[in-house]
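Number of protein chains: 2
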Amino acid sequence: MNLKNFFSNIPDKLSDEIIETVFKSDSIRIERIISQGQSSPENFWYNQPENEWVIVLEGKAMIRFEDKSIVTLHKGDYLFIPAFTKHRVEWTDPNQLTIWLAIFFK
Amino acid sequence: MNLKNFFSNIPDKLSDEIIETVFKSDSIRIERIISQGQSSPENFWYNQPENEWVIVLEGKAMIRFEDKSIVTLHKGDYLFIPAFTKHRVEWTDPNQLTIWLAIFFK
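Top to bottom, those sequences are chains A and B.
Numbering follows the working numbering, in which position 11 of the first sequence is assigned residue number 387; successive positions increment by one, without gaps.
Numbering follows the working numbering, in which position 68 of the second sequence is assigned residue number 444; successive positions increment by one, without gaps.
Source of the hints: derived by calculation from the structure; they are not laboratory data.
Incorrect hints may appear among the rest.
Copies of the same chain look alike in the list, so a pair counts if it fits in one copy or across any two.
[Stated by the list, open to error] Restricting the straight-line Cα-Cα distance to at most 27 Å, the calculated cross-link-like pairs of lysine-lysine (DSS-like) are:
1. Lys462 with Lys380
2. Lys444 with Lys389
3. Lys380 with Lys400
4. Lys462 with Lys444
5. Lys444 with Lys482
6. Lys462 with Lys389
7. Lys380 with Lys436
8. Lys482 with Lys389
9. Lys389 with Lys451
10. Lys380 with Lys444
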């Protein structure tokens with residue numbers, strides 16, 4: 377069995393967000409996303425055709441939804457975002473890495 | 377959006393393993409499993425019809441496969457276990473909680 381570690385190969389500092397697919401099958405895709413201070417571009421909204429279940433494993437982030445509600449995610453907080461639910465990353469902590477585990481599925 | 381925390385409501389000590397479904401849809405099921413010293417019953421093998429992607433978020437555990445190979449999982453280690461791959465939990469650390477995030481899918 378092929379064992380990998382979710383917290384390995386993480387840079388100390390990063391200028392751009394890192395998005396990596398750690399697993400992919402016909403039905404699901406699992407991503408590791410590492411942020412530090414990045415947010416979605418102004419007026420950009422994610423509006424993806426897949427459902428998403430996302431958990432923050434390290435760090436702190438804020439997600440804004442189209443209805444203007446904002447959720448702040450701390451370590452361990454998780455959220456289900458149904459397909460075609462417009463959302464954007466409003467803020468990620470500039471002072472530490474934020475590590476997300478995101479699962480996309482139909 | 378309904379925000380929950382994966383690391384909340386965790387007992388300090390537990391006599392039995394705790395298995396909770398934290399998310400479920402037609403296509404996937406996400407479980408939180410908390411172990412402390414438990415292992416699969418003797419001669420018991422998981423042999424499930426779903427694929428499983430599992431990560432250890434806290435603690436330490438060992439999984440044995442039918443071919444007798446054993447993998448030791450530390451914090452952050454993750455593994456894909458295809459459907460109908462016989463496996464068993466050989467050991468979990470008795471001295472700390474092991475917190476697993478397991479995703480089951482077709």
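Compare the structure with the hints numbered earlier in the document and write down the numbers of the violated ones, lowest to highest.
2, 6 and 8
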